[in-house]
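Trainee: Spelled out, the chains give:
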Amino acid sequence: MRYLPKSPAERQDMLAAIGAKSIDELFSSIPERYRLREALHLPGPLSETEIIDFFKARAAENSGGYTSFLGAGVYNHLRSVVTDAIIQRGEFLTSYTPYQAEITQGTLQAIFEFQTLMCQLTGQEVANASMYDGSTATTEAVLMAERLTGRSRILVARSVHPEYRDVLKTYAKNSGLHVEEIGYGANGTLDQKALQSALKDDVAAVVVQSPNFFGVIETLAPLANAAHASGALLVTAITEGVSLGVMRPPAEADIVAMEAQSFGLAPSYGGPFAGVVASRDKFVRQMPGRLAGQTTDSEGRRGFVLTLATREQHIRREKATSNICTNQALCALAATVHLTLLGKEGLREMAHQNLSKAQFALAELEKIPGVRRAFDAPFFNEFTVELPRSVKIVNAYLLREKIIGPFVLGTAYPELTKHALVCVTETTARAEIERFSAALRRALEQPV
Amino acid sequence: MTDKIKKATTHTNQNEGLIFEKSSPGKRAFELPPLDVPAADAAKSLGIDHRREGVEGFPEVSEIEVIRHFTRLSTWNYAIDLGMYPLGSCTMKYNPRVNEFVARLDGIATEHPYQPQELSQGCLKILQLLEKCLLEITGMDSVTLQPAAGAQGELTGLLLIRAYHEKNGNPRKKVLIPDSAHGTNPATAVIAGYEVENIESESHGQIDVDKLRDLVTPDVAALMITNPSTLGIFEERIPEIAKILHDKGALLYMDGANMNALTGITRPGDLGVDVMHLNLHKTFSTPHGGGGPGAGPVAMKKILEPFRPVPILVEKEGGRLALEQMRPDSIGRVKAFSGNFGVLVRALAYILAYGPGVRQATEDAVLNANYIRKHLEGVFDLPYSLPSMHEVVFSDALQKKNGVNTMDIAKRLIDYGFHPYTTAFPLIVPGALMIEPTESESREECDLFIDAMRSIAEEAATNPELVKTAPHTTRVRRLDEVGAARKPILRWKSQTSRSEAAD
Amino acid sequence: MAYPANYRYTKEHEWVDVKGDVAAIGITDYAQHELGDVVFVELPKVGSKIEAGKTFGTVESVKAVSDIYAPASGEVVEANEVLHNTPETINTDPHGAGWLIKVRLANPAEISGLMDTAAYEAYIASQSKEASA
Chain A
1 MRYLPKSPAE RQDMLAAIGA KSIDELFSSI PERYRLREAL HLPGPLSETE IIDFFKARAA
61 ENSGGYTSFL GAGVYNHLRS VVTDAIIQRG EFLTSYTPYQ AEITQGTLQA IFEFQTLMCQ
121 LTGQEVANAS MYDGSTATTE AVLMAERLTG RSRILVARSV HPEYRDVLKT YAKNSGLHVE
181 EIGYGANGTL DQKALQSALK DDVAAVVVQS PNFFGVIETL APLANAAHAS GALLVTAITE
241 GVSLGVMRPP AEADIVAMEA QSFGLAPSYG GPFAGVVASR DKFVRQMPGR LAGQTTDSEG
301 RRGFVLTLAT REQHIRREKA TSNICTNQAL CALAATVHLT LLGKEGLREM AHQNLSKAQF
361 ALAELEKIPG VRRAFDAPFF NEFTVELPRS VKIVNAYLLR EKIIGPFVLG TAYPELTKHA
421 LVCVTETTAR AEIERFSAAL RRALEQPV
Chain B
1 MTDKIKKATT HTNQNEGLIF EKSSPGKRAF ELPPLDVPAA DAAKSLGIDH RREGVEGFPE
61 VSEIEVIRHF TRLSTWNYAI DLGMYPLGSC TMKYNPRVNE FVARLDGIAT EHPYQPQELS
121 QGCLKILQLL EKCLLEITGM DSVTLQPAAG AQGELTGLLL IRAYHEKNGN PRKKVLIPDS
181 AHGTNPATAV IAGYEVENIE SESHGQIDVD KLRDLVTPDV AALMITNPST LGIFEERIPE
241 IAKILHDKGA LLYMDGANMN ALTGITRPGD LGVDVMHLNL HKTFSTPHGG GGPGAGPVAM
301 KKILEPFRPV PILVEKEGGR LALEQMRPDS IGRVKAFSGN FGVLVRALAY ILAYGPGVRQ
361 ATEDAVLNAN YIRKHLEGVF DLPYSLPSMH EVVFSDALQK KNGVNTMDIA KRLIDYGFHP
421 YTTAFPLIVP GALMIEPTES ESREECDLFI DAMRSIAEEA ATNPELVKTA PHTTRVRRLD
481 EVGAARKPIL RWKSQTSRSE AAD
Chain C
1 MAYPANYRYT KEHEWVDVKG DVAAIGITDY AQHELGDVVF VELPKVGSKI EAGKTFGTVE
61 SVKAVSDIYA PASGEVVEAN EVLHNTPETI NTDPHGAGWL IKVRLANPAE ISGLMDTAAY
121 EAYIASQSKE ASA
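Chains as they are written, first to last, in our numbering: chain A, 1 to 448; chain B, 1 to 503; chain C, 1 to 133.
Okay, chain A solo, but in the shape it has when bound (with noise of 0.2 Å):
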């Protein structure tokens, strides 16, 4: 087997120099009648050629050659050849967690570099390694939370995306965290109001997304100031980071939880993606995950080391910050080179050519009839529209047209029956808009 650097004789020899008879005297210590006397039935074994072969059938089963307006916490976008060019290599494809600093200095600096990246981004002052994705993330910044204020009563807004809260509850159910939604308002905005009169003194976060699910920016300031007021904590997730390129970062939110996957990650039918946690430095010691810190070597050399490990489960155990291990951390790193490739000014380009097609493809939508923009708020690269008939048959016929069409929101806001949320990236070409339009006017007028 060609993972396998041993020839039979080999084998023979090395069982001799233990003093072995068979290799089965080496598993003497599970008992009889457990081991296994035949083979498992798997399939296989295959060449790398039939491998590649098999994944081949496979592609080739999904949704090739379709056009997507979907975006909904998972994001198309360029991604250069010149990161998987770094990523593949076998130095940083293959090493193992930084613990033995001296011998992993180039996987500390990265994430070094990733830390104050994202701190750049979002304009906070510490960031940690990674987590496993934005939806984890925001969770781990809610539990976060709760042990900088001790309370445990917390307010999502409801235009946080849907699966985010549902992993917010699953971990809530056994943390004693009471989870209670705020509605939003007649702009796609978080309902101040509402949030105003459940905000009391025992809560520990207010969690908000923005931009929204629903494509809409949230004005921070009055939120921060509100949750402030009653000693609670601002929350804000990011599941489009590139909006952060033309967009002003929430550097009043006290935690910000992003997903990292607009940033050279692959969509890849929903992972593997990464999570970051962002806040002030005072509230470093209770930030979950791996944090690489800058020190200096006993010849007085700058390098980097884990730093401020007590946090995590390796040593803290029951009372660590977060059960957290293995992270994401060759995601953070592709993270890490896509963005040093844009730079300032690619990044700025990037998030601006999204602005200015989302822009043209409402512009192009409003021209149907009985379509209408759901929300009156400014937003990014997705927008809600609301259609005069039901959203999954218009996406039917969009289909036949080799077209995925927006995101049915009525699935996850049964109050939303006819709305539906577009996606459109600087990956979407103006001959394709235009064509979704014309094809989404035709299916407007087909019979009911």
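For the record, the hints were derived by calculation from the structure and aren't laboratory data. Treat the hints with care, as some may be off.
[Stated by the list, open to error] In silico EDC-like cross-links for lysine to aspartate or glutamate, where the CA-CA straight-line distance does not exceed 16 Å:
1. B:Lys167 / B:Glu305
2. A:Lys169 / B:Asp329
3. A:Lys56 / B:Glu100
4. B:Lys125 / A:Glu61
5. B:Lys125 / A:Asp53
6. B:Lys301 / B:Glu324
7. B:Lys487 / A:Glu125
8. B:Lys374 / A:Glu25
9. A:Lys402 / B:Asp329
10. B:Lys493 / A:Asp53
11. B:Lys487 / A:Asp53
12. B:Lys493 / A:Asp281
13. B:Lys125 / B:Glu315
14. B:Lys248 / B:Asp210
Take the given structure of chain A and dock chains B and C to it, following the hints.
Mentor: Same frame as chain A, now just chains B and C:
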């Protein structure tokens, strides 16, 4: 091994600064295709309040500088592609490149989790096949591929246990955890809302079954066992342990981190385990990438199936696959979308490469560990003498006499071209050296490792200072971790001097 | 390092120095030596109450965190601000400048149950013997 080997300090590669330090306004590394729609007026569209001119401090460098920067950084790393990692409980095996290739295919890497299910049958078939393979390997009835890592798998497992007990009217209060367990175990139990009760190992490092009998009260929800234990020793009495728990209505959770000793040889389900997690980035070869991503699928017996996290893969009429997002008794969602799909693809590719012959990998792993043990017994103290499986745990007791401890030995091993083994774990062995070679090491590599360790033992006796001040050949010497923790500098800031604190 | 004659000591390696009804509390030289270089200290707020036998704070090194147990009950009247910026003071002067908190004792009689210098020195001698056995 001589002192003649000096570390490189003057080569350009060794002096690479932070990317921000090479940054200069106007440089770019990536250009976008031109905008094909009217340019938006950002101030107008977003409003003055939301507008941003550009990210302050973001790097501005050219493409070649990016390539050189990260390439240079990469040369400072040790990696499996370079040599052995004898890290106990990490299973640092070869990461097959075909796995990387298939995960990047158009039609695999490009799929959106919300696209219509009829356009995702390829992805769903991958999930289904992986589920079937993992069930066959573990001997369990049902599996979820949702958790993103072992720790998240542990949490999912404990939440399943809690849901099961709640359904039976009493969630119970405690989880029993051996003192030899990995730190994620107690950390996770607390997050799942349970109290942790530690159970001491007996003199052979195994779970003390008599003590267990007394400890399992109706308040106990489960025991979390690692098998083989973190000492690399098979818990022979696991069927008995399972029975003790089951008799009191409690469940047995197995931390599957050490599956590399069991795959194809025995099945946890057959041994009485009720629920377990697997680490795909350990046993199933998906790359560590400097700390993830991984995946921690959870396999379970039928009794826990109703509580599985969503989404759940189902097969409909005509063989069409779908993901169901709602189940009445589900513990809910543990992560958005559908698991670390890209990692799952890699694990399936690994399984397909071996097929039924996967047993050979396990045999080679156990062979390597025992070969190394045989050649180091007597050179290093062996605190527990029961047969080792895929890993062996020594202690630094013999070397301590000259003031040399496991950390020193580990650092000196670096000078011999190896990554250190796992130091200071498990906690029940003071001064532990936990060694797991995996099946990916050739006999030559094992011999080189043995020679290195024997040489270091000799140095510890004749020249302890050399060992205590190691490593001598790395790009940096031992780093000041105390300073890093006292005055944390966790990001670059413009005009930050080398020793200035972040606040 | 000598253990001050007028201090009292606990099995968890804290020391107490009573002056009137206020007691200064710290960790002993033995404890700081076991812990290694101290990087961070977490102390209770002034005005909060501590309870004999329960933890009131932590002392952290790079590799470990130690809970500190209250030798007696009372109200915290002072916390050592110096440790915020120079936690290493605990290593260099554990019985003096490295004090942790000062407490107004609720029940001064609790102190008499603690070890005196001779008893503590004997206790740590036996601990060291066990460790190397």
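Trainee: All the hints need checking, so say for each whether the structure fits it.
Mentor: Hints, verified against the model:
1. B:Lys167 / B:Glu305: Roughly 13 Å between the alpha carbons, so the hint for Lys167 (chain B) and Glu305 (chain B) holds.
2. A:Lys169 / B:Asp329: holds, 14 Å
3. A:Lys56 / B:Glu100: holds, 13 Å
4. B:Lys125 / A:Glu61: Since the Cα atoms of Lys125 (chain B) and Glu61 (chain A) sit roughly 9 Å apart, the hinted pair holds (cutoff 16 Å).
5. B:Lys125 / A:Asp53: Judged against 16 Å, a Cα distance of about 14 Å means the pair holds.
6. B:Lys301 / B:Glu324: Distance ~20 Å between Lys301 (chain B) and Glu324 (chain B) Cα, so the pair is violated.
7. B:Lys487 / A:Glu125: holds, 15 Å
8. B:Lys374 / A:Glu25: Given pair Lys374 (chain B), Glu25 (chain A) holds - Cα atoms ~15 Å apart, limit 16 Å.
9. A:Lys402 / B:Asp329: Violated, because 37 Å separates the two Cα atoms, which is more than 16 Å.
10. B:Lys493 / A:Asp53: violated, 49 Å
11. B:Lys487 / A:Asp53: violated, 54 Å
12. B:Lys493 / A:Asp281: With Cα atoms ~14 Å apart, Lys493 (chain B) and Asp281 (chain A) stay inside 16 Å; holds.
13. B:Lys125 / B:Glu315: holds, 10 Å
14. B:Lys248 / B:Asp210: holds, 15 Å
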